[in-house]
Amino acid sequence: MLCVGLVSAQAQTETGEIRGVVTDANDAQKLIGAQITILDTRIGAVTNVNGEYVLRRVPPGEYTVVAKYIGYKSATKQVTVEAGKTVEVNFELVPSAVSAEEVVVTGLAAATEKRKLSAPVQSITPQMIQNITVQSIDQLLQGQIAGVSVGMASGLPGTGSRIQSRGVKSAANNSTPVFYVDNVRVDVGDNFGIGTGGTVSSSMAQLVTGEIERVEVALGGSAATLYGTQAANGVTQIFTKKGVPGTPTVRVVATLGADNPETKFVQEEVTRRLFFQTGFFQNYTLNLNGGGDIFTYNISAMARSTNGFITRNQARDDLYNIAFGARAIFNDKLDAEISTTFIRNGFSRLNQGNNIFAPLGAMETGVAFRERRFTPAGTDNPDSLLALWMLPEYDENVNRIITSLTLNYVPFKWFTNRVTIGFDYNKREARFLTPIEASIAFGSAVLGSITRADREFMQPIINYAGSIRLPELEVATISLNFGGEAFRQDIRSIFGSGQNLAAGTRTFNQAGIVTGSEGVGSIFLAGAFAEVRAELLKHIFIDGGMRFDGSTAFGRNVSFIPLARGGIAAILSDFEFYPSEWKKYISFVKLRGALGQTGNFPAPFLRDRTFSAPSFLGSAAIAPANPGNPDIKPEFVTSLEGGVELGFLEDRISFSVTYSATQTTDGLFAVPSDPVTGFGLVQRNVGSVFNGVWELSLSGNVIKITDFELNARLNMAFVRNEVTDIGTVGGRPIPEFGVGGFAFSGLFVSNGRPIGAIRANRLAQEADGTYRGRFIPNQFNGAQSIPTYFGSLTLEAVVIRDITVSALFEYSGGNALINTLQVLRIANGYPDALARIPGYVSFSQNSVVNPANFAAYGAFFVEDARWIKWRDVTVRYRNAFGFRGANLSAAIRNPLVISTAAAGVDPEINWARSAGALDLGSTGGANLSAARQIRFTLEYNF
Amino acid sequence: MNKTKQSFKARLWMAVLTLTSSSIMLLNACQTNPTEVINPTITDEALRAFPGGSANQVLQGVRNQFSAMIANVTLYNAYVSDDYVNISTFLSPIADNPRNINADDISLPASYSSAQTLRAQAEFAITQIPLDRTLNPTQQANAIAQARFFRGMALLVLAENFANIPLVEGGPGLTSSQVLREAINSFLAALPGLASPSVLPPGSDPRLAINQIAPRIALARAYRLLGRADSAAFYANAALNTPGSAGYVYRALYDPQNFTNGVIPFLITRVTRDLQPLPRLDFLDPKYTAIDAPIPVLKIEEAHLILAEVAIAEGNFAEAKARLKNAITAALRPDSIIGFNSTNTRPAVPAVGGFRPRSNTLSVRADANSPAIPGLIRTRPGPVNVYPTSFTSLRPADIDALQNNEEELVRTLFLLRQEIFFLEGRRLSDLGIRLPLWRRQLDVNPIGTGPGFDLPIVPTYIPGFANFNPGTHDMDAFTVSGSVVTCSVDMNRVLARNRAYPLRRP
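These protein sequence lines are chains A and B, in that order.
Residue 331 in the numbering used here sits at position 331 of the first sequence, with consecutive numbering throughout.
Offset between the second sequence (1-based) and the numbering used here: plus 1000.
Please keep in mind that the hints were generated in silico from the structure rather than gathered at the bench.
Below, a sample of chain A positions facing chain B; criterion: calculated Cβ distance under 8 Å: (1) I468; (2) P471; (3) L480; (4) I513; (5) T515; (6) S522; (7) F605; (8) S612; (9) P614; (10) G618; (11) A620; (12) A621; (13) V676.
Over 10 Å on every C-beta distance to chain A, these chain B residues come out as not near it, computed from the model: (14) N1316; (15) A1401; (16) N1405; (17) L1455.
For each residue, glycine too, the CB sits at the ideal point set by N, CA and C.
Whenever a hint applies, use it, and build me the whole structure from the sequences.
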């Protein structure tokens, strides 16, 4: 595939130059970073800090020069270039809230303007990135994409968010989208290594945002069809900076700040007083950016550190990142882009489990600090007790390299080719040490333990995309697009543990009982696609295509799966019949509709009947594991969507609405085997799931007066999720099955209910209104874990040009959570928690129900999980106090939790991440919200 | 126009060519190394391809499952019965009262499925062992006999705890008696093969070996449950007459590294998982103190107790007393752990009486009409003696002092059974309770509804909670007055009065 020869450089002796300045048509402000290209050539440039650009070595001739800038309408100008001369071409761009001309590539074989898409690809622009303060990609997505719900899994370091894009399509697979960095598929898995209670590590935490140029998000459905059977939840693609031609600039950034704990949900005064600290945050970045016409580069080194918001630095997070991105233009037919990033991340976390070693549980729901009854160290002084609880140490180190090399080869104007080769290598090691002194104090049967987990992830990938534009016909322009992708994923994990430690040891082999285990998983997936795109009458865009996928998810049998897509979009406002008087008010009208298929592969080897062989008393002990399903195949996700995009008042305001109906068929549901076989659940393609999602987006300029401008963006989504058919086996409906939560109150898959419907024991009320301990087990009460509505509001104010104030608010609701915090507090007799039980007074009088037996109370504490949060506020001051290139900013991430309904828990946080792939959230416990991250940044460019 | 057409065609060809060549390359790639993926786990194919030596591994899997079944059944029996009360655990909150249990109970599946899995695994082993060509005929016969013994144990446990038990996929629910007869067949088939030394993995714990005493005790137990006094007595005597029967015990073993005793978490630290014993049985708690503490399953005491029951049924009370005294002598084993530091504080729980007895100054009445007996409650926290195999509060003199009537003898017999089989998963069977089947079993094979299917069978003599003191539990309930703890009900007396025992006088 790489046998692409370098085409000899053209003689460049007799060429000319195009120069100019790009400004805002309204206020003549210079636009930095605007893209200038010559149509149908490889020649292009980006404006510098003065808004200037230069296109060198342009062969003499007639050209169309295009100026593009996100948030503005693009402009074109015709120029004639003569040898040895410079033409000046200035552009004045008109702001536009309709991003129709923005070019995207995700899910497409060739870069395409958004206006031509039948299924939207949304983007996070450099401006949006600048105006918020985040540390990882999932935080960057929060509130920015209509239809995507990003819920923080935990406020602790190393964790990743729970992302749901257009609902939840599968009961067997995670709802996290596929992530790409510069065309290279990367690891975003979670739930590996050592569990620290319900908090698990995620590879998303290491996708840092430092050198991100922009992000494109293709939601699941037809926009993601070309990514095939893994793209049911959509594709998020990150593009890194590759440098801007011009004088090299050095950028030095220093951020100092504080991680201030969010204590709104803390129950006990002793916790508030002793458990938290305000962490000191620092981040230093050195960046080199520059290059010439044929080579640009962006080199960056970053060090970030915080000692965290938990006492004794148990939420420490240190990260180092070196990133290199470059673009080389060999000639007008061939260029190459390379990016490589190395990340080292080390962090600490504390045990959040429901066991005696969990400090927060002990303080918030346990009895130790309240009654001082459990005094393991022979002390009841809270400081001394906490010192004991903080003895266990959890540390994790991650080393990660992501590399991408992309060649763009354009042998003819009408034939483009793109090949990317790259890999993501991700090595993590986690270590959990419970020292001997802690074990002795807690009376544990095991005297000190070390658990060690290593995970090595390697994923090489190669992909190709080509596009041939057929000669223009009178009424139509047709492109044929085609391509393919192959990647292999190898995950090797090793676990080791030592119990009954030798005094003072920090390695697990110096222990009384040493155990180890290994996990190996490999998968290979290859796919190819072909697609036709046509422009009819210039304003109608039709596309249709197929993808074929094969995967080793079935063992040696690589099965090929066909997936189809098709769509149509029409820009009514561009037709001649569109009344010009309407244009004044409704300046842009686009209708679109698309149909597409994606899928979800089953986990590897589910076809085979397998046995496990754990060690038992010194010998391998063979036991039944998976009964095997010879008929297993991927889940199919078919999506039909339609939408309207409108621009008002000369595109000052844009509005779009999309409805998507997504049906999962052959859904992989966990079907029980007859217990007499000795086997458990088996995955079968029996279920159907429906997701109906409305996405609304409204953005635009609200106020524009001298020295003040206010822009707003509102995203809203409404989700209906339903298991439309739970399927049958042997003529009988499959029994409802659990996908999360706890045994006493769990998240279930049940016919006619959403995935993750909450099922709990209910305490029955007697005729006299009291509760005497009679139970109605396993009741659904309509509560569900998937949010039915969510959205965000972004406000951005520009004051005297150089000062930008932006704020992001988010909300989510329509779902419920299992409030384990209150259940556990009841168990331990906290009076405020006991008072929450209806008819509590009668309990101690005439009931057999024991409040300590907290599991009984699961039902009471299925609570409303809605929340409204002020997510971000950032103030940026460019060219501060007249110093050119000096930028100041002040920001607070998570400044305020505006409103929640559940008692004492942050509903966004998931206290107990369930064991399987699927993560639905909806468990509340003694958990930790993200800290209020206060940041002051000084940036200097010279 | 013509030119455009040609060019159109040419470009179309180019598209087709590129597509074809890239597809060929991808297909090629599929045949080379990057696609090579091997299932790292054990498949049927792998087992077939490696017949040599697999018998030991398959049997070890069966032993592991046996230990799992015993731990699960022991735990569930402990708190559903009068032996323990569920103070604060993740176990089913409603199962403390057996009438509350239904097929959906969250803690029930472990008992049912682990027994069915053991049965299925043992049957798999019986078919798999002959494939192992490394065994000589004697070893093969022994290995198969071991698998048959475990199959019998699975069936015995199923019959003791459940009422309608399917044994094949989609098959009918068999009665406890039918399953007991199937268990008996398995034990009888296992007996000859177990005469030879046990086939064990190299370097194994010798306690894994199974001799002929174990199946003989199991046969006596099965015949007792069937009400067959003659056969029960025959195999009880056979067990006693087998060389090495003195002090014999066959245990489910646990592995400190990989598979620990599942009851231990509820007995030692008891901070988040707390079961508390009936005050009358306080002196037996905790029976297990290490994560790999074995659970006794077949003990020679059982043979004495069965012979005592046979004698009672025959009206031969003197003989019965002699047998009971033999059982006591056998139960006072020399393996007790002296001075184990019991850190458990017997916590106060406000809503359940506010207090659990924890001082040796207290005496206990089995019910309101029984005498207060001192010494049954130990002072905690503090050093206590632990009896990991058997123990009892009775001594031969207590038996001699008994009146010669059936109720007194049977009550004492059940008290001995309760104390000697404490934390061994036997109490529900003695109480005559049968658990419902696991909902999943009924979902995939709907063999019936009602008691014995999705509901428990609870004899009417098991008291309902409404008859007991407020704020406490049913069979576990007690009151404290001064230095006397009074249990609300003496279930052993109830059993005797209701003649709820298999070997009854006609």
